[in-house]
Each structure stands twice: as C-alpha cells, then as structure tokens.
Amino acid sequence: MPDKPAGAISRREFARRAAIVSAVASIAPAGAVSTELSSSAVQTPQPASQAPAPAAQSQLPPNMPKLSPESQAEADARFQSILAQYGNRFSEEQKTDLRRLCAAAQPPLDRLRAYPVQNADGTALYLKPLFEREKKPKPPAASKPAASKPAGAAAPATGTTAAKP
Amino acid sequence: MPSEELFYLPITELAKRIESKQVSPVDLTQLYLKRSEKYGPRLNAYARLTPEIALAQAQTAEKEIRRGHYRGPLHGIPYAAKDLLAVKGVPTTWGAKPYANQVFDYDATVIEHLNRAGAVLIGKASMIELAGGMNYRFASASLQGAAKNPWDTSCWTCGSSSGSGAIVAAGLAAFAIGTETWGSIICPSAFCGVSGLRPTYGRVSRYGAMALAPSMDKIGPMARSAEDCARIFAVLAGHDPKDHGTLLVDKAAFTYSPSMELKTRSLTVGWLTNAWKTMDPSVAKIADATEKILRKTFPSAHRVALPQGPWDDVGNVTMGIEGAASFRSLIQTGQVSELTDPLSQINGYVNEQLSGADYLQAQRIREILQKKMADLFDSFDVLATVSQPLPATPLDFNLETGLSFPDSLGAIGNLCGLPALSVPCGYTEKHLPVGLQFVARAGDDFGVILAARTYQSHTDWHRRHPKLA
Numbered sequence: 002m003p004d005k006p007a008g009a010i011s012r013r014e015f016a017r018r019a020a021i022v023s024a025v026a027s028i029a030p031a032g033a034v035s036t037e038l039s040s041s042a043v044q045t046p047q048p049a050s051q052a053p054a055p056a057a058q059s060q061l062p063p064n065m066p067k068l069s070p071e072s073q074a075e076a077d078a079r080f081q082s083i084l085a086q087y088g089n090r091f092s093e094e095q096k097t098d099l100r101r102l103c104a105a106a107q108p109p110l111d112r113l114r115a116y117p118v119q120n121a122d123g124t125a126l127y128l129k130p131l132f133e134r135e136k137k138p139k140p141p142a143a144s145k146p147a148a149s150k151p152a153g154a155a156a157p158a159t160g161t162t163a164a165k166p
Numbered sequence: 432m433p434s435e436e437l438f439y440l441p442i443t444e445l446a447k448r449i450e451s452k453q454v455s456p457v458d459l460t461q462l463y464l465k466r467s468e469k470y471g472p473r474l475n476a477y478a479r480l481t482p483e484i485a486l487a488q489a490q491t492a493e494k495e496i497r498r499g500h501y502r503g504p505l506h507g508i509p510y511a512a513k514d515l516l517a518v519k520g521v522p523t524t525w526g527a528k529p530y531a532n533q534v535f536d537y538d539a540t541v542i543e544h545l546n547r548a549g550a551v552l553i554g555k556a557s558m559i560e561l562a563g564g565m566n567y568r569f570a571s572a573s574l575q576g577a578a579k580n581p582w583d584t585s586c587w588t589c590g591s592s593s594g595s596g597a598i599v600a601a602g603l604a605a606f607a608i609g610t611e612t613w614g615s616i617i618c619p620s621a622f623c624g625v626s627g628l629r630p631t632y633g634r635v636s637r638y639g640a641m642a643l644a645p646s647m648d649k650i651g652p653m654a655r656s657a658e659d660c661a662r663i664f665a666v667l668a669g670h671d672p673k674d675h676g677t678l679l680v681d682k683a684a685f686t687y688s689p690s691m692e693l694k695t696r697s698l699t700v701g702w703l704t705n706a707w708k709t710m711d712p713s714v715a716k717i718a719d720a721t722e723k724i725l726r727k728t729f730p731s732a733h734r735v736a737l738p739q740g741p742w743d744d745v746g747n748v749t750m751g752i753e754g755a756a757s758f759r760s761l762i763q764t765g766q767v768s769e770l771t772d773p774l775s776q777i778n779g780y781v782n783e784q785l786s787g788a789d790y791l792q793a794q795r796i797r798e799i800l801q802k803k804m805a806d807l808f809d810s811f812d813v814l815a816t817v818s819q820p821l822p823a824t825p826l827d828f829n830l831e832t833g834l835s836f837p838d839s840l841g842a843i844g845n846l847c848g849l850p851a852l853s854v855p856c857g858y859t860e861k862h863l864p865v866g867l868q869f870v871a872r873a874g875d876d877f878g879v880i881l882a883a884r885t886y887q888s889h890t891d892w893h894r895r896h897p898k899l900a
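Protein sequence lines, in the order shown, are assigned to chains D and Y.
Heads up: the first sequence is residues 2 to 166, going by the numbering used here.
Heads up: the second sequence is residues 432 to 900, going by the numbering used here.
Keep in mind that the hints were calculated from the coordinates and are not lab data.
One or more hints might be untrue.
Claimed, not checked - Under the rule of at most 27 Å between Cα atoms (straight-line distance), these lysine-lysine pairs were calculated in the DSSO-like manner: (1) K129(D) - K803(Y); (2) K447(Y) - K129(D); (3) K494(Y) - K447(Y); (4) K129(D) - K673(Y); (5) K673(Y) - K139(D); (6) K716(Y) - K494(Y); (7) K673(Y) - K67(D); (8) K803(Y) - K682(Y); (9) K129(D) - K802(Y); (10) K802(Y) - K708(Y); (11) K139(D) - K129(D); (12) K494(Y) - K708(Y); (13) K465(Y) - K898(Y); (14) K452(Y) - K465(Y).
Please build the complete structure, drawing on both the sequences and the hints.
Rendered as structure tokens:
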C-alpha cells in the first residue's frame, strides 16, 4: 500500500471528523458552539478581519498542550460535549479550566492508541462466573401477607442509609 | 505520665506486653485517645474519634485476656481506619461533603476481620475527598482540611490516606488502615516515615469500602515496621464472597508467624534505574546511600530497568473512566460542585467523556504489561527504588503542576496488582522522611515483607519519630 501524502486523511478519519462536527452541531446550544469553539478543524477559518478580538483570545487557557489538528478537534469536541450536557453549571473560570483539561486529556489518549496491539492480545477484563454464592434460605411462611411497600418509599427515619458500595 | 516511647512501640512489642498483662488494653486505649484528642485536630488527622466503640472493645479485650483467651497479636491494639471503610452506625464520609452524613448499617469486611482479631477502633482517619477519584489540586481537598505532616506541620502527609499517615507517624494509634488505587498507601508512608503495605490486588476484601477504580482498589496496613504490616495483613487477607474481586481461598490467605524467620529464602533485588525521570537532590543523595546498603544486604542485588511504555497513560485512562463510573451520579446531578477542591469539582466531567474503546485499549495494553512484568520477575524477586522522588511538599503546593511527574512504577504496580511495601530509608537535611519501596510479583507479598524486614534489621530509620509541638 503506498504511503499517503502528508496531510492526507483516510476515509475513516474523514468520517470520524464529520461525525464529531455533526454531533457537536446537533447537541451543543448554538450560543455555546459559536462562542466556545477554538481554532481547530471544527471551526471554519475566518478572514483576518473577522478573527477573534484579543480579549477573546486571552480567554484561552495557558499551558495548552500542542496537539495535531485531529487531536485538537477531538479535545474541542469533548469540551463542547460537556458544555452541551452541563454548560449552565460552570463559571467562565471553570470553563477555561475545563477546556485546558480536555486538551490535557488528549496526549495520553494519543499515546495509548498508538501502542500496537494485535487481535490476539487479550484484554484484562474477565467475567468471573458467580459459582460460589449460596442460595438464600427460603423465608419462613408468613402467617399473614406482609404489607406491600410502594416503590421508592422513604427509608425509616433512622438517619442512616443502607447503600452498599 | 507514660513515656513518649510507649506510643511508638511496634505491635510486636505491644502485643507481648498485652499478652503478659503488663499493659492493659483499656489503659492503652485511653492513652492513645487522649493523645489523639490533643494532636489529632492539630494535624487534621481524624475524620472522627470513636471513643465509645474503642472503650467497649478495649474492655472486652481486657476481660478476654484476663480469662486467658488471647486472640493474637492485634488483641487490644488501638488502630484507626480510613474514613472510606464502613463502620456500622458511624458516619463514613469518604472525605467529601456530599457524603458528610452517610451512615452504613454494616461493617466493612476488613473491620469485621479486625473486630474478630480483637483490635480496638479508636477513630476514622481523615482522607482526600473520594480518595482523589476526581483528581485534586491542593492538599486541602478534604472535608477535614489539609492533613499536616507530623515531621513538619507546614508540609503535607500526601494522600489519599492522609490521616492514616499522620496518625501512625504521630503515634496517635499503633497502626492505621489505608487504601491505594494509585499511590495512596505508598506516598503517605514515604512522606510520613512509616511502613505501609499495598497488598496484591484481590487479597483483601473491599466489601464496605468506597469504590473508586474497582480494577485497581486495594486496602492495606500502615504501621511502624514491615513486621507489623505482616501481622496486620495476616488478619486482613482472605477470600470474601462479598467482594467478587478477591482471589480464591488458597491465593488470598496470608499466614504470618514469628517462626517465619529471616533468611528463609535469599532474595534477588533489582535496583531500578529508570523509575523516576528526575529526583530532588536531597532524595537522590539518600537513594545512592540506600542502593549501597541494599547491595551489602542482598549480595545478588544489581541494577535493572523497567520496561518502557505508556503505562502512566494506561493507568490514567483506567482510573479516570472507572472513577467517573463510580461517581457518575455525583457528576450527573452536579453534586461534584460541593467538593472542596477546584479540580475535583470539574475533572469528573472530562473523565466521563472518555470512550469505552479507549478503556478497552488500555486493558489490552495492561495485559501486555502484566506479561512483561512476569518476565522481569523471572530474574528478580523484588524491585526497589525510592518511594517518591521528592520529600513532603508544602501544604499550599499546587499538586497538579508540582506532583504530576510520571510514576511508571506506581502505574505498573497498580495496573498489575503487584504488592509493594514502603519503609523509611533516610531523612533530608530538613528532617523530612524518604521512603524506599519494594515491589514483587503478584501474590508474593511475603517477598516484599521479607525484603523490607531484612532491610529494617540492618537500619533504624523506622525507629525514629517526630517531636510533636
């Protein structure tokens, strides 16, 4: 198979990017998309006259890792997905921090994906069939039917919860 | 007034005095409680003390021992449990505000085991909120505030078993129970100058413990010596049908007795050359001296390198995704905003976005890593290096930037479920402890215990303790 020219993308990669763009466009609030997208593959290049004002540029978090366009697109999509789901929860400062964290999460993923694995390589995930659990003893026959408890009924007011981890 | 030394006696010595009735469990408990009331708040070491439980358990122990029913080396010994272990009827906060009023109506399996051994619970140790499961930027990421290091109260204890480290180092209890998903026993043990054992994954039941990353979570003891850790581990270990992650009976159980003397087997020690990219000069100096001691103590010791790979990334992805799943409701309801730390409040949202495909890729690399490490352990019984490349950090240190260096051995050890034991191996010029960690093949917890015991039989770093103001 011939080497691809630099900058070329595969059909799979094209489809992935298109999916990211369409997913972001469909789930993100319009305002969020228009104001939060950074300079990435997802964003339409703007002429110089329409470039973000210096004030808007200064909102970009410092120490952002340098990512490839593909990785930047993915990090941006991650950020947009968070905003789409939970956007109204965050302050501007938190949004800036989230954008940085979304970008910071990308290099580990890129390295992880680049590590060669073969189809025959196992996965450290195994179902452990539940052999050993003993059968619960049958409850003694009740002398009269127990009152049914409606679903979601409040727990007794003991101040305790019986949640199991 | 009891001698300060009493509070720092190892379990082995306390047990002898209790069994021979020279020391009363009730008196000992009262002394530790009084000391904990005095110093605990100064160090932010406890989530809460449990004096009623402690005195009742101590009285029971005393009666039993008087009647000649001695249960073993933990009988009548006061301890603290990290506040993510369920204790029936006592608040279990997981160090986090959203769970500040959480009370379970059952005991964690490790608490049951310690009850059965006759140990005395004097309190719940403070901890980093959710054991750091949402990540954190500052040492103050805890319901109790930053845990202060007894060696220098302007420094941190490390986390997430922060209180457990402070309690043992300050002599507020004879031992403490900590947990580790990645670094939470080894790092506090190193920063606080105590001995801490991270057991093989699956040897200690997590039933009743907060889940963070279920494929990596482990529970282990923090104490005064490797031998103390062995005695506590023998009580904690064992198969538990309530924790599906525990090993089968024959693989989980651990037996330890004084008859298991040193030199039962000669160990081949590998001194790691690439565990840390950089090392603080104060630690590097101690590391050099430690390597020399190890070469004398273990004549076959020689240098070795860890396999290279994206192990930190595999660990981060695994822990991030499992952590986001464990606390999904907290993230989705927005209750993460109630957490203390600014990073804890938002990082879960990022981890929630990571994909299943990436998780599975991480698990495939994890299995490759397991095989690489098994190959390495064909040539070595234990690997050794300093536990952390720097000493305890200041309380206001930005951990996200300052303590986020690669930790390949921590990643490897926790991804592969390998046992590790950290023991003190020196002190910096500022009198801050430095730890030495031993890591062995999965299942060979005795290997790390034996290596650390041998090391401690040639050194006395573990016998030093801080002067509390």
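Status of each hint after checking the structure:
1. K129(D) - K803(Y): holds, 24 Å
2. K447(Y) - K129(D): Not satisfied, since the Cα-Cα distance of roughly 43 Å exceeds 27 Å.
3. K494(Y) - K447(Y): Holds, at about 17 Å.
4. K129(D) - K673(Y): The hint holds at about 13 Å.
5. K673(Y) - K139(D): holds, 20 Å
6. K716(Y) - K494(Y): violated, 51 Å
7. K673(Y) - K67(D): violated, 46 Å
8. K803(Y) - K682(Y): Given that 27 Å is the threshold and the Cα spacing comes to 22 Å, the pair holds.
9. K129(D) - K802(Y): holds, 21 Å
10. K802(Y) - K708(Y): Roughly 24 Å separates the two Cα atoms, so the pair holds.
11. K139(D) - K129(D): Given that 27 Å is the threshold and the Cα spacing comes to 26 Å, the pair holds.
12. K494(Y) - K708(Y): Roughly 55 Å separates the two Cα atoms, so the pair is violated.
13. K465(Y) - K898(Y): holds, 17 Å
14. K452(Y) - K465(Y): Given that 27 Å is the threshold and the Cα spacing comes to 21 Å, the pair holds.
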